[in-house]
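Model the full structure from these sequences, guided by the hints.
Protein chains in written order, with full-length UniProt numbering: chain A, 1 to 245; chain B, 1 to 245.
Do not take every clue at face value.
Since the list can't tell identical chains apart, any single copy or any two copies may satisfy a pair.
[What the hints assert, rightly or not] Computed list of lysine-lysine pairs in DSSO-like fashion (alpha-carbon distance at most 30 Å, straight line):
| hint | residue 1 | residue 2 |
| --- | --- | --- |
| 1 | Lys-104 | Lys-40 |
| 2 | Lys-197 | Lys-46 |
| 3 | Lys-50 | Lys-167 |
| 4 | Lys-72 | Lys-200 |
| 5 | Lys-104 | Lys-200 |
| 6 | Lys-200 | Lys-33 |
| 7 | Lys-33 | Lys-144 |
| 8 | Lys-33 | Lys-72 |
| 9 | Lys-33 | Lys-46 |
| 10 | Lys-50 | Lys-40 |
| 11 | Lys-72 | Lys-40 |
Just so you know, the hints here were simulated from the structure itself, not pulled from any lab data.
Residue-level listing of the chains:
Number of protein chains: 2
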Amino acid sequence: MLYVIGIGPGNQGAMTLEALDAIADADIIVGYKTYTHLVKHLTGDKQVIKTGMCKEIERCQAALDLAAAGNKVALISSGDAGIYGMAGLILELTTQQRLDVQIKLIPGVTSSTAAASLLGAPLMHDYCHISLSDLMTPWPVIEKRILCAAQADFVICFYNPRSNGRKDHLANAFAALRRYKPAETPVGVVRAAGRKKQEKWTTTLGDMDFEPVDMTCLVIVGNRSTYCRDGLMITPRGYQFEPAD
Amino acid sequence: MLYVIGIGPGNQGAMTLEALDAIADADIIVGYKTYTHLVKHLTGDKQVIKTGMCKEIERCQAALDLAAAGNKVALISSGDAGIYGMAGLILELTTQQRLDVQIKLIPGVTSSTAAASLLGAPLMHDYCHISLSDLMTPWPVIEKRILCAAQADFVICFYNPRSNGRKDHLANAFAALRRYKPAETPVGVVRAAGRKKQEKWTTTLGDMDFEPVDMTCLVIVGNRSTYCRDGLMITPRGYQFEPAD
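In structure tokens:
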């Protein structure tokens, strides 16, 4: 049995019961070391196999091989395993190698949803996720998506917004957005949602300071109706109600 | 205190610990009757205020007024309250009326994420949410978003895909997609994810039968790389690995 588990943003409160139960049921825990660390209070004496970044194929193959050998294995992703996580690679490998492994995918609270709940309610209307990592997606594809998303007036969630190796991607994305979206468009940033170093702030497309943004941040750019009030970022769904006196 | 709670798709296993704790802590539960029914085993003797559809403003105002009067209130949304749920309206009313109510937004597993975990891993690359309800959004805005999403090659999740009053919206959406996406594009449908009447199936953009789709369904349309194999809908993230023998 292989459980592929989204543990949510990082705090135990945002984990689902299914995720907790699956970790309790597993004999072996596999995951990127940052994520296995987030659940270490739950794993007790179980065997924990930690891997570094960019070892996704090895990590998934190890989890599959252990499960195929009869172990109950829990593969951990932060957020939801089906959103830029390990679920896809697990299923690609399983179907391609015709492995006889029972797989249970356990959904979790993804980063955009967790970040939104900290900022207010920015995702109340149609929105999209775009990863700014060009490790596996050519930048022109990413840029086209940014331009289409701006024309569609989607609220936009940027995953993997800025790393040491890709310092300019977020600035380039914002420059693309400015072709269609005004400088006053609200922007919310959440760092390390649900974890010890959690921070959040709001700004605008025109005033954005890119320097504090790193890979632990999630950046949400509003649509044409999004506003900030009392420190909250709100995208109206469109309900009509009486204005206050 | 007002807790605004996303309870996930419907099964208790997909609820977060925070959501369970907040319901336990609340004195009064408020929600659309389908959702209060989903948590009735958790609400015991608490006062439960159920409202019908299209009573969103009344429901939110009632929850706010009860909280302002000193009660601990839990307002229930299915999925995540910040995604087509009640979080936005609560914050709009609170900031506009300058209410002195402590509000805690508790994120949940939204419908697209839950549906994806049942279908396989269709959301492994950039994707968007589009609601096909035109109650509060003019159809031309929705259609423009569909066309932009197709051009961006987003995986597309359709919320509120088809109701008695909007029988043709999904067919119209698919006709728009066909301007940019081939007939073979995989489509996954999940009905009532996590609930008793859960069903799922995959088809293609060209072969889609709209008749079985209703408002309890979530429809996911793949991108140009999405494929179906062994009954699973998979969108590759882009990892390169050795082909099997």
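Consistency of the hints with the structure:
no.: 1; hint: Lys-104 with Lys-40; in the structure: both (21 Å within a copy, 27 Å between copies)
no.: 2; hint: Lys-197 with Lys-46; in the structure: within (27 Å within a copy, 36 Å between copies)
no.: 3; hint: Lys-50 with Lys-167; in the structure: within (28 Å within a copy, 50 Å between copies)
no.: 4; hint: Lys-72 with Lys-200; in the structure: between (38 Å within a copy, 26 Å between copies)
no.: 5; hint: Lys-104 with Lys-200; in the structure: between (34 Å within a copy, 16 Å between copies)
no.: 6; hint: Lys-200 with Lys-33; in the structure: within (24 Å within a copy, 34 Å between copies)
no.: 7; hint: Lys-33 with Lys-144; in the structure: neither (33 Å within a copy, 42 Å between copies)
no.: 8; hint: Lys-33 with Lys-72; in the structure: within (19 Å within a copy, 39 Å between copies)
no.: 9; hint: Lys-33 with Lys-46; in the structure: within (15 Å within a copy, 43 Å between copies)
no.: 10; hint: Lys-50 with Lys-40; in the structure: within (11 Å within a copy, 40 Å between copies)
no.: 11; hint: Lys-72 with Lys-40; in the structure: within (17 Å within a copy, 33 Å between copies)
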